[in-house]
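Asks: Residue-level listing of the chains:
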Amino acid sequence: MKIAIASGKGGTGKTTIATNLFEALRMQGQVSVELIDTDVEEPNAHIFIGGGFEVEPEKHQLEVRIPVFDSDKCTFCGRCVYYCEYDAILMVKENSYIDVTEDLCKSCGACIYSCNDGAITEKKKSLGEISVFQTEQARFVEGRLNIGSPFSTPLIQAAKAHKDTNSISIIDSAPGTSNTTVESIYDADFVVVVSEPTPFGLYDLKLMIATLDHLRKDYAVVINRFHGEYHKVHEYLKEKDITLLMEIPFKKDYAKWYSQGKLLVREDDELRKEFVQLFDKVKDIYLQKSMYR
Amino acid sequence: MKQIAIISGKGGTGKTSITSAFASLTNNAVFADCDVAAADLHLIFKPEIKETFDFQGATKVSIEQEDCIRCGLCFNLCRFDAIDRIRNQYYVREFSCEACDLCRKACPVSAINKIDKKAGDYFISDSRFGPMVHSQLEIGEELSGKLVALIRDNAQEIGKAENKDFLIIDGPPGIGYTAIATITGVDIALLISEPTQSGLHDLKRSIQLLDKYDIPAVVIVNKWDLNPEMTKMIEEYCKTEDIKILSKIPYSRKFTHAMIEQKTIIEFAPDCESSVLLKKAWKELVSMI
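Residue numbers (our numbering), protein chains in the order written: chain A, 1 to 293; chain B, 1 to 289.
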């Protein structure tokens, strides 16, 4: 079973929920569990669970191919420039000049396909790195985008491809409701949406719910850092008949532990039990819904 | 006109709250909401939309099943795994499609068509702080550097036409394409950080990104007192990188209370500690550019 943790807004606590759910299940020891960090621009899960994985990771570079032009063979016909949708090829016919702007190139291969003169070869360039940490009890997979890489979806796909099908996979996804988030949650069986009780949180939650409805996903919501003063997120969930899985109150201790890179469930036993219950609820909803499918 | 981008590596550090605080402190600026994935600035600005434009985004494709001869060329050529083969029929998986258009150009029977699909809207608006340009992407659409560039270009044009002193950009989190499109060519980038392990980790990645594009940077540590030791680590890191800490803002519920009332912190509590610090920070930021 694959559970994606998502949020419309950044900083609502996706990583907190993903890492603590992972740790609570790992500590309970009844299911085999893995965590996949697909927030590749800012992968942070390792900060919290790193201590449990003091093993050398298996590393895989995600390489893409970018064109190399041979200006002796090139006839400067311009076909590749026409084929490139990203304006990444700069050609000055008069000066017999042709080259690629690497930051714009998405490695689609259109230029090399289009060339009739054999003037284009390809070289490899790293887009990012996948690290797989494996201990006897658990697995952790992280995708990490190189700084300055122009796109991230292949890296998200690659991180997910390292999943272990026999485990419960918890997927920490990219924030937002755009293509990268969709790539993270596309094949999830269930989505846990993390929201914060503020006007920004509510606005972005609504966008997230619309996205999940569009994708026909099963989902439920966690409200994080609840101060007991803004109730509109609760009201919205009630009105839409959306399950509220869990409500985590704002506590200075939680903020402190989080800031130190500590897992809350290791410090607070009650909270750990709540996370196990959260998983049981998710499983129940998932099983119920799949009976009707 | 000077351009200021307010960004953060990590989400939820307070970019939009601080952008709107600055909006209260200048009366001659134009604003651009370039956090296209979670555009929230309008919730404080309550803009009056003057003009709405379609954003076309990248042109994606679909396969006409009646014309398709099932040769599989598109499936083999696509490097983004964006074409699914289901019972020997081929379909485009739209969310994975990077709109390179290779399959359409290569298809021997022209069975692949471009879809003209609106990816969102962008707006030119008026607000109590001045003109702003913002957007609303349709769900699942590509986080587009092109949209960020469009928003910035429009804001720049307005700023020039109206003789504004500043273009203030509320930027996206992260280090990806939208972040790159937000920072290129700005006069200064203000990074909003928070004193957490994640905050420091992401701050480092943002600073590396700014370094790569040679953009001057300053930092505000928000909610600094939630973890003074981490704040110290951020200060030390910034010192080694020769980056100025413009201000340290304490944790305050007033930011959320202001947000609930759709006000900036300066409007909501002009004399509170955060407001006083932000006024000072704004003055100093302006003196640096």
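The set of hints was computed from the structure by calculation and includes no laboratory data.
Ideal Cβ positions, reconstructed from N, Cα and C, are used throughout, including at glycine.
Careful: at least some of the hints might be erroneous.
[Claimed, not checked] In silico BS3-like links for lysine-lysine, alpha-carbon gap of 25 Å or less:
#  : chain 1 : residue 1 : chain 2 : residue 2
1  : A       : K252      : A       : K2
2  : B       : K50       : B       : K105
3  : B       : K254      : A       : K251
4  : B       : K46       : A       : K206
5  : B       : K105      : A       : K93
6  : A       : K256      : B       : K117
7  : A       : K252      : B       : K248
8  : A       : K256      : B       : K105
9  : A       : K125      : B       : K204
10 : B       : K254      : B       : K2
11 : B       : K254      : A       : K252
12 : A       : K217      : B       : K117
13 : A       : K232      : B       : K254
14 : A       : K256      : B       : K46
15 : A       : K251      : B       : K117
16 : B       : K46       : A       : K232
17 : A       : K206      : B       : K263
[Stated by the list, open to error] Just so you have them, the derived chain A footprint on chain B, three or more residues with Cβ under 8 Å:
#  : stretch
18 : 70–81
19 : 180–193
20 : 268–281
Asks: All hints, please: hold or fail.
Replies: Going down the list of hints, with the structure as the test:
no.	hint	verdict
1	K252/A to K2/A	32 Å, violated
2	K50/B to K105/B	39 Å, violated
3	K254/B to K251/A	17 Å, holds
4	K46/B to K206/A	18 Å, holds
5	K105/B to K93/A	24 Å, holds
6	K256/A to K117/B	46 Å, violated
7	K252/A to K248/B	19 Å, holds
8	K256/A to K105/B	55 Å, violated
9	K125/A to K204/B	23 Å, holds
10	K254/B to K2/B	30 Å, violated
11	K254/B to K252/A	16 Å, holds
12	K217/A to K117/B	23 Å, holds
13	K232/A to K254/B	18 Å, holds
14	K256/A to K46/B	34 Å, violated
15	K251/A to K117/B	45 Å, violated
16	K46/B to K232/A	19 Å, holds
17	K206/A to K263/B	21 Å, holds
18	70–81	holds (count 4)
19	180–193	violated (count 1)
20	268–281	violated (count 0)
Of the numbered hints stated above, those contradicted by the structure are hints 1, 2, 6, 8, 10, 14, 15, 19 and 20, listed in ascending order.
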